[in-house]
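Make the full structure from the sequences, and use the hints.
Position 326 (the sequence shown) corresponds to 326 in the numbering used here; numbering is contiguous.
Bear in mind the hints are in silico, worked out from the structure with no lab data behind them.
Calculated pairs, DSSO-like style, for lysine-lysine (alpha carbon to alpha carbon, straight line, at most 27 Å):
id, residue 1, residue 2
1, Lys193, Lys142
2, Lys142, Lys158
3, Lys139, Lys119
4, Lys57, Lys158
5, Lys193, Lys139
6, Lys193, Lys158
7, Lys155, Lys139
8, Lys193, Lys119
9, Lys155, Lys142
10, Lys142, Lys119
11, Lys158, Lys139
12, Lys155, Lys193
Ranges between beta-carbon positions, derived for each pair:
id, residue 1, residue 2, range
13, Leu204, Val35, 49 to 55 Å
14, Ser361, Asp303, 23 to 29 Å
15, Val263, Arg103, 45 to 51 Å
16, Arg308, Ser361, 23 to 29 Å
The model shown is predicted, which means the values in this text are computed figures rather than measured ones.
Just so you know, even glycine gets a beta-carbon here, dropped at the ideal spot from N, CA and C.
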Amino acid sequence: MSRRGWLALGAVVALLLGALGVYLYLNATPYQEIVDHGPSPEARANPYLAAEQFLRKQGLAVTHANSLDVLPGIDPHQNSLLLFGDRSNMTPRQVDQVLNWTRAGGRLLFVAEALWDEKTGQSNDLLLDRVQVHQSLSKDLKEPPPDSLDDAFPKLTKLYLEDEEAPAYAGFDTAFHLEDPNNLAQAWANSGKATHMMQLTHGLGSIIVVTDADLWINPAIAQYDNAWLLWYLSADTSVTLLYNSEHDSLLTLLLRYFPQALVALAALILLGCWQAGVRHGPLLQPPAKARRQLQEHLRASADFMLRRNGQDSLLQALQHDILRRARRRHPGFEQLAVAEQWLVLSRLTRQPTRAISQALSPRPKQRLSSAEFSRQVAHLQTLRNAL
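Next up, the structure:
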């Protein structure tokens with residue numbers, strides 16, 4: 001293709017692309033899309049993060065603490081302490097510390113964590129018992145609170161304020177109910193089923209008891225008047241929110257969810273240590289390398305051979321040894337007759353022929369006595385030594 005043809009083709013392509021761009025510009029509709037990635041890591045770690053941020057927007061100073069160790073550094077006056085964390089490990093000393101801080105002018109808000117036990121006369125919540133407030137299940141109430149039958153929102157807790165016609169609504173858990181057996185409460189808030197909040201005077205300060213704090217966690221604080229109620233209860237004070245946001249350690253989680261596996265692992269470790277450990281007890285001396293004398297060893301070997309092979313075998317071994325030595329001393333000895341062999345042995349050993357014949361003659365099959373056997377062996381050894 002010529003140069004002019006390439007230029008024409010390029011112009012056509014550019015014209016088509018321009019027309020496509022104009023079409024898309026005239027017909028495309030811009031829009032915005034919000035992608036929800038879920039709660040932030042801070043919100044997942046602290047369920048009351050939204051409550052803290054809301055109170056800060058209302059002009060309140062809010063701090064977060066993980067334990068009661070910060071309490072001595074907090075001035076009771078114009079300060080609120082919100083106990084939203086687990087208090088199952090709270091000691092009597094810590095209860096006294098919190099109540100003394102409140103008596104000096106602090107404002108305390110905490111969640112009732114245990115039910116009142118009529119049999120024992122107490123609950124498992126030390127702080128709740130000290131303020132003399134009882135918590136029970138709403139289903140155990142014999143009669144509903146007054147005017148609950150005509151309530152349009154029986155599941156919502158209503159808080160009536162002065163100079164306000166309509167109450168504020170809060171979403172407390174209606175499964176629990178607070179009781180004031182000693183009539184110490186100065187104010188309270190009810191739902192159509194039960195009482196969920198009480199306020200008591202304690203020295204120069206005040207105590208607010210609620211059945212739960214789930215209405216102030218991140219997903220629920222925006223519902224109803226939950227956020228406003230939290231601000232109302234802590235208004236004109238600096239707020240310290242006590243909630244342990246630290247996660248349990250790996251060992252704590254294992255003890256909680258896999259105790260059997262840890263017990264089995266500990267047993268295996270103990271068995272392994274026992275197997276590899278040093279045994280205790282008296283030391284065993286190593287066996288002596290030469291526990292017998294040579295004479296004892298020879299005697300034991302001879303006794304073994306005598307028991308195993310018998311007397312005839314030992315005597316024949318000595319006789320064969322004598323004949324072998326005679327053949328070495330007298331060439332052609334094996335070709336001689338027996339009588340001539342005895343004569344040669346008599347000459348070589350200087351023993352009488354009669355003694356030679358007695359020593360080399362075949363023995364009867366009967367067993368010899370020990371004395372006779374010893375004498376016969378000594379006689380044969382004498383002949384062998386003489387050769």
